[in-house]
Amino acid sequence: MNRTYNCGILGLGSCLPEKVITNSDLEKMVDTSDEWITKRTGISERRILDEDIPTHKLGVEAAKKALADAGLKAEDLDLIIVTTETPDYLSPSMSCLIQSEIGATKAAAFDLNAACSGFIYGMSVANQFIKSGFYKYVLIIGCEGLSKVTDWKDRNTCVLFGDGAGAVLFGPVEEDYGIITTYTGAAGELGKNITIPCCFIGPQDIEVRTGENKRTLWMDGGEVFKFAVKIMEHAAKKVLEDSGLTMDDIKMIVPHQANIRILEGAAKRLNIPNDKVFSNLYKYGNISSASIPVGLDEAYREKIFSKGDSIILVGFGGGLTWGSAIIKWNK
Amino acid sequence: MFEKVKKIIAEQLGVEEDEIAMESSFIDDLGADSLDIVELIMALEEEFDLEIPDSEAEKISTVGDVVEYIKNNS
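Quick mapping for you: the protein sequence lines, in order, are chains G and W.
For the first sequence, the numbering used here begins at 1 and goes up steadily by one.
For the second sequence, the numbering used here begins at 1 and goes up steadily by one.
Please note: incorrect hints may appear among the correct ones.
[Unchecked claim] Restricting the straight-line Cα-Cα distance to at most 27 Å, the calculated cross-link-like pairs of lysine-lysine (DSS-like) are:
hint, chain 1, residue 1, chain 2, residue 2
1, G, Lys230, W, Lys7
2, W, Lys4, G, Lys268
3, G, Lys276, G, Lys307
4, G, Lys39, W, Lys59
5, G, Lys19, W, Lys71
6, G, Lys268, W, Lys7
7, W, Lys4, G, Lys230
8, G, Lys230, W, Lys59
9, W, Lys7, G, Lys39
10, G, Lys192, W, Lys59
Source of the hints: derived by calculation from the structure; they are not laboratory data.
Next up, chain W with everything else stripped away, as it sits in the complex (with noise of 0.2 Å):
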């Protein structure tokens, strides 16, 4: 799963995939703006087939609360 996560955000972010790790934060490692986080949850909710709502997304900053939150959701 964290292989899928990691292609997405390569995809979405326009980043290398071997810059991705479970520790970085999307937007001081990854260059991500809030808009980027909003298209980069649009594309994970497709993907996975879920909803994050706005109060969760809110809380994720790092590759790993992402990973951590389809892994409790899906």
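Extracted from the complex, chain G is given alone in its bound form (with noise of 0.2 Å):
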């Protein structure tokens, strides 16, 4: 029988533009208030890339202080997975502007769009390969820069998004630790409620933007809104169930990070404490698929995890997609 290997964590960053948009920065722009945002989003502040900046260099970083964390160099990356919803290019890929840039000269490389459930999606794919053998090392970075696809003058959308790259490299570790399991699904019949036109703009995606842009952000957000606290409750029990585990059995959730109101939704249906749901929103309010990496690298970093802490991570929006995994802290 083929060895199998237990995939897990291996080397975390992140980047974050230096710029910041305050709430009161927006207050200037549309007709919307502190008090208002704050309420209805948990968000006072947002990171933005200048315009003349690719958001893949916000990648590039996050990519360099991964494999600095885990030891490792460039080189010895077998597969590059960038997750976003806001690339660059559609040719060439995030994934191969950012391994040209960190020299990563052995690695495969592609993106994964499944919007905010992207980082659990390539989570995922990177399990399949490590588990197997196949692949060793796997560097899944989530890299958007919303702020590109925004409409600022639109207040009920130009407030909720942010620019940002988180990364974290995935190898073999010990046994018992690492992805316990993952779970992802979508409902494409729902897609049509949060919309980013590309190639193609319908008269439906006309019709619901007042800009002149018509390749910005739409999203119905009482849908949206609706959809994601109960499907953020079906697939964090979901994988308790998949693992056999119990909402005892959690050190915390990394949820995507997308409304508090969300959060503390979903925190009650699961029964949950909220102070169990890590939110760091208020400052970097929603960036897609990078939201659970940034949000892993700084609850590493601020020492929240202790080895052998189970995790639960759990993303979901565009598509629309959901995901969820738990992970046995190995480092």
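Since each chain sits alone in its own frame, please combine them into the complex, following the hints.
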């Protein structure tokens, strides 16, 4: 029988743009207020890239930090997956741009788009390759520049999003540690609730966008909110069930950071206190698939996790998609 | 049923039950915002085991609207 390996986290890194846009900055741009935004979203500020800086630069920095944290060189990498819904180019992929800049000459490279759930989808791919022994080192980088698809005149959406990148290097770890289980799903029939048109713009896409640019991010906030609260509960329960664990065994949930009220709503349904749900969205807003790796990196650097802690990761968003995982912290 | 609805509204919006009347407007009288209404609808859907589609939810503005909808759809 072929040997199988446990896939776990070897290194983490993140990179956020330096430029901060606060709620009071937004008050000068659209008809809104700090109080309104804080109460409805939990967001106080977000980090935004300068227009002339491509988003993959954030991914390059995050990747370098994750490599350094793992004590590995770029040439050691077998595969780079960039999860993104805001690539700089459709071709070359973000992963190829980053591969070249960090010098990962031996790595295969491709992008994966599962919107805000992308990082969990990427993890489930990395897990298969590493478990089987086909690849040893897989780098996943959630790398997003939502500011580049935001309509900065639309007060319903421009308050929500930001830019950022988080990188996690996966590789073989000791038995019983690392990824315990992953779960991914999609409901394409609900997909038109969040859209970012690209090579095609349909009549409905034009109609819902009030601004001149028809390639901006649009969403039906109420519908997405309902979906997110319910799916976060479902996806967290599913991985508990699949792994035979209970919520008492879990140190913390690190969810996609979209809106504090989604996190609070789901916490209530899961019957857990709010402080068991990691949250940093007050300072970054929603950075799509980068939010989970950035959150993991921050929690790791704040020493919130100890070796052996079980952690639930859960993502949900455009597609509509969702994904969750349980990892047993091995660092 | 009104009593049950009242209890859910009080819990969701953090208001006293005796402040809630059939003609109370969620936004103007009970201080709800758009997300409060979404959360309230989710709680009602679960309590009364029904699905309130977005197009119907948009028409709901008073407590009476909710009671009427549940009466006709459950």
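Results of checking the hints against the structure:
1. G/Lys230 with W/Lys7: At roughly 22 Å apart (the allowed maximum being 27 Å), lysine 7 of chain W and lysine 230 of chain G satisfy the hint.
2. W/Lys4 with G/Lys268: holds (20 Å)
3. G/Lys276 with G/Lys307: Roughly 17 Å between the alpha carbons, so the hint for lysine 276 of chain G and lysine 307 of chain G holds.
4. G/Lys39 with W/Lys59: Holds: lysine 39 of chain G and lysine 59 of chain W sit about 24 Å apart, inside 27 Å.
5. G/Lys19 with W/Lys71: Violated, at about 52 Å.
6. G/Lys268 with W/Lys7: The given pair, whose Cα atoms are some 17 Å apart, holds under the 27 Å limit.
7. W/Lys4 with G/Lys230: Given that 27 Å is the threshold and the Cα spacing comes to 22 Å, the pair holds.
8. G/Lys230 with W/Lys59: holds (23 Å)
9. W/Lys7 with G/Lys39: Roughly 23 Å between the alpha carbons, so the hint for lysine 7 of chain W and lysine 39 of chain G holds.
10. G/Lys192 with W/Lys59: holds (22 Å)
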